[in-house]
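Participant: Listed below, chain by chain, are the residues.
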Amino acid sequence: MSAIEAAAVTEHAHHQDDHVVVAMEHLEKSFGDNHVLRGIDLVLKKGENLVLLGKSGTGKSVLIKCVVGLVDCDEGNLFLFGQNVADLDEKKLMDIRKKIGFLFQSSALYDSMTVRENLEFPLNRQQQPIPKEEMESLVREALQNVGLAEAIDKTPLELSGGMRKRLGLARTLILKPEIMLYDEPTAGLDPITSKEISNLILEVQQTYGTSSIIITHDIDCARRTANRIIIMKDGVCVAEGSYADLKKSADEWIRSFFE
Amino acid sequence: MQQSQEERGPLENGSPKEKQRIIRRIVSQLTPHQSQNSHLEGDIAPKGLPEAIPVSRMGAFFLKVSSLTIFTLRFFKEVFRPPYEFHELAKQSFLIGYKSFPLVGITGFIIGLVLTIQSRPTLAKFGAEAWLPAMVAVSIIREIGPAITALIFAGKVGSGIGAELASMNVTEQIDAMQVSGTNPFKYLVVTRVLSATLMLPILVILSDAIGLFGSYVAVNLNGHVSAYLYFSQIFQSLEYKDLLPAFVKTFFFGFAVGIIGCYEGYNANKGTEGVGKAANAAVVFASLMVFIIDMIAVQITSLFQN
Chain W
180 MSAIEAAAVT
190 EHAHHQDDHV
200 VVAMEHLEKS
210 FGDNHVLRGI
220 DLVLKKGENL
230 VLLGKSGTGK
240 SVLIKCVVGL
250 VDCDEGNLFL
260 FGQNVADLDE
270 KKLMDIRKKI
280 GFLFQSSALY
290 DSMTVRENLE
300 FPLNRQQQPI
310 PKEEMESLVR
320 EALQNVGLAE
330 AIDKTPLELS
340 GGMRKRLGLA
350 RTLILKPEIM
360 LYDEPTAGLD
370 PITSKEISNL
380 ILEVQQTYGT
390 SSIIITHDID
400 CARRTANRII
410 IMKDGVCVAE
420 GSYADLKKSA
430 DEWIRSFFE
Chain P
255 MQQSQEERGP
265 LENGSPKEKQ
275 RIIRRIVSQL
285 TPHQSQNSHL
295 EGDIAPKGLP
305 EAIPVSRMGA
315 FFLKVSSLTI
325 FTLRFFKEVF
335 RPPYEFHELA
345 KQSFLIGYKS
355 FPLVGITGFI
365 IGLVLTIQSR
375 PTLAKFGAEA
385 WLPAMVAVSI
395 IREIGPAITA
405 LIFAGKVGSG
415 IGAELASMNV
425 TEQIDAMQVS
435 GTNPFKYLVV
445 TRVLSATLML
455 PILVILSDAI
465 GLFGSYVAVN
475 LNGHVSAYLY
485 FSQIFQSLEY
495 KDLLPAFVKT
505 FFFGFAVGII
515 GCYEGYNANK
525 GTEGVGKAAN
535 AAVVFASLMV
545 FIIDMIAVQI
555 TSLFQN
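Sequences listed follow chains W and P, in order.
According to this note's numbering, the first sequence is numbered sequentially starting from 180.
According to this note's numbering, the second sequence is numbered sequentially starting from 255.
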């Protein structure tokens, strides 16, 4: 067996590991001439918070959109819960993707619906119908978890930026996902609300045992939430480590993120 | 001589997924500014093509038509596949049908009134005033009622659908739906197109009835004609060949307004600017399609009548 084949077998075994929930092998994505992802290798372990740092336009959002299936990658392999996405049929893929939650940068709330309806919407889409009483209790529990119990009959337009983020988080968590993807969860928020959102992300990790990929430019959010940090540059991962390690990096460019 | 697997390449011997990926990559390279939104990826997105490959305006038009055709085929594929969104269909039918009724009703009344007032002097000149109810009825039922109502419908509903879906698109609400395990095409597009297709014929019937009532009011502005006499003359002058083709074509009008509104909204980009453009394009393109369908319907009807 050649060295390359041996490495591939080891890599494959690694992705079958129960502790790995997301694994990417040389993931590439282009939009025309714009090569956004240029061979990403990344692993997300069960129960960890992985923070992605990098300048705008380095492909962080595209990367997590590949994970959730909003963007299809051109090259490379994506393993979700040990299964190669390329080998799965549409139904199996949909079942796996239901285990993934995505908090959009803009929260992506349904403006034509009330807060209650926003939370009921994903529950109503489940294959097994949920009884009305159970749905009411799930909605109230989700809102209480994010401190929005009072806003149940309001519309998203009546909520502040921080409340919208928390509602977006509640809507995602109501399906009890095993993987959470956060796209700039604290963008556009004041420092106090940003801290609240960061604490909520930690609470989610501890309460539900979720594994998360968090994209942020907010270094305080990264410090609070990250178990591990990956820094991306021009569509590739250039550094990996803990907050403390990367802050002391010999590379000035990497250190500049933490200043 | 038999080719080896390597010689044949992955397009010939790869798995279906692999083939799809290669084709997607080629399409992506042909369209440099393809949107990152996955729900567009199944469609040919003409956006950005003029920058990548120099195409004439006519070429861009044909690209748009082909893209709309693929969108329409996808509608027919999704419409018969469960799950069916009956609740959303009922909601959209209420919004599209019931909420459009006041506007359509007022327009129909005014059209009937104005047509009668304008036609009466000319008919009187030829001593054919007695033909007024028949002329107005045939005009409204066969052409003016369906066409004007469809145009009003395109302006109100087409632009509304275009702007709503475009707004949902640019604020990532469609992506959020997809992530939560919902097929956004089925939930948003199929329900709206079906509602528009089913509601417009009902609105046209109501508009025609109100238009004829408007005509009766106009006749009575300068004289007195009993309602019984007036409507008897109308019904005596109408035949099935007047009613049926006019009714059938309204389904096509409704479908055109719905599918074009959804297409423009679903494929909108460029942020808030795209919302305005989608609403505008939905009205313009849908109104044009109404006239084109009307022309085809008239030709087909003439063929059968001859």
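Treat the hints loosely; a few may be bogus.
[What the hints assert, rightly or not] Output of the computed footprint for chain P on chain W, the stretches with three or more beta carbons under 8 Å from beta carbons of chain P:
| hint | region |
| --- | --- |
| 1 | 331-343 |
| 2 | 387-398 |
[To be verified] To list a few chain P residues with every Cβ distance to chain W over 12 Å, as calculated:
| hint | residue |
| --- | --- |
| 3 | R328 |
| 4 | P337 |
| 5 | T361 |
| 6 | R374 |
| 7 | W385 |
| 8 | M422 |
| 9 | V424 |
| 10 | A430 |
| 11 | Y441 |
| 12 | N476 |
| 13 | E493 |
| 14 | Y494 |
No wet-lab data here; the hints were simulated from the structure.
In this text, all values refer to a predicted model and were calculated from it rather than measured experimentally.
Each residue gets a CB set at the ideal place from its N, CA and C atoms; glycine is no exception.
Participant: Compare the structure with each hint and give your call.
Facilitator: Here is what the structure says about each hint:
1. 331-343: violated (count 0)
2. 387-398: Since 0 is below three, the answer is violated.
3. R328: Correct as stated: the minimum Cβ-Cβ distance to chain W is 15 Å, above 12 Å.
4. P337: Contrary to the label, P:P337 does not stay out of reach of chain W, its closest Cβ about 9 Å off (not over 12 Å).
5. T361: holds (27 Å)
6. R374: holds (47 Å)
7. W385: Its Cβ never comes within 12 Å of chain W, the nearest being 50 Å, so this holds.
8. M422: violated (8 Å)
9. V424: violated (9 Å)
10. A430: Not fine: 4 Å to the nearest Cβ puts P:A430 too close to chain W.
11. Y441: The claim is violated: P:Y441 sits with its nearest Cβ about 9 Å from chain W, within 12 Å.
12. N476: For P:N476, whose nearest Cβ neighbour in chain W is about 49 Å away, the distance exceeds 12 Å, so it holds.
13. E493: Non-interface label on P:E493 holds, nearest chain W Cβ at 45 Å vs cutoff 12 Å.
14. Y494: Answer for P:Y494: holds, closest chain W Cβ roughly 42 Å.
Consistency note: the structure conflicts with the earlier hints numbered 1, 2, 4, 8, 9, 10 and 11.
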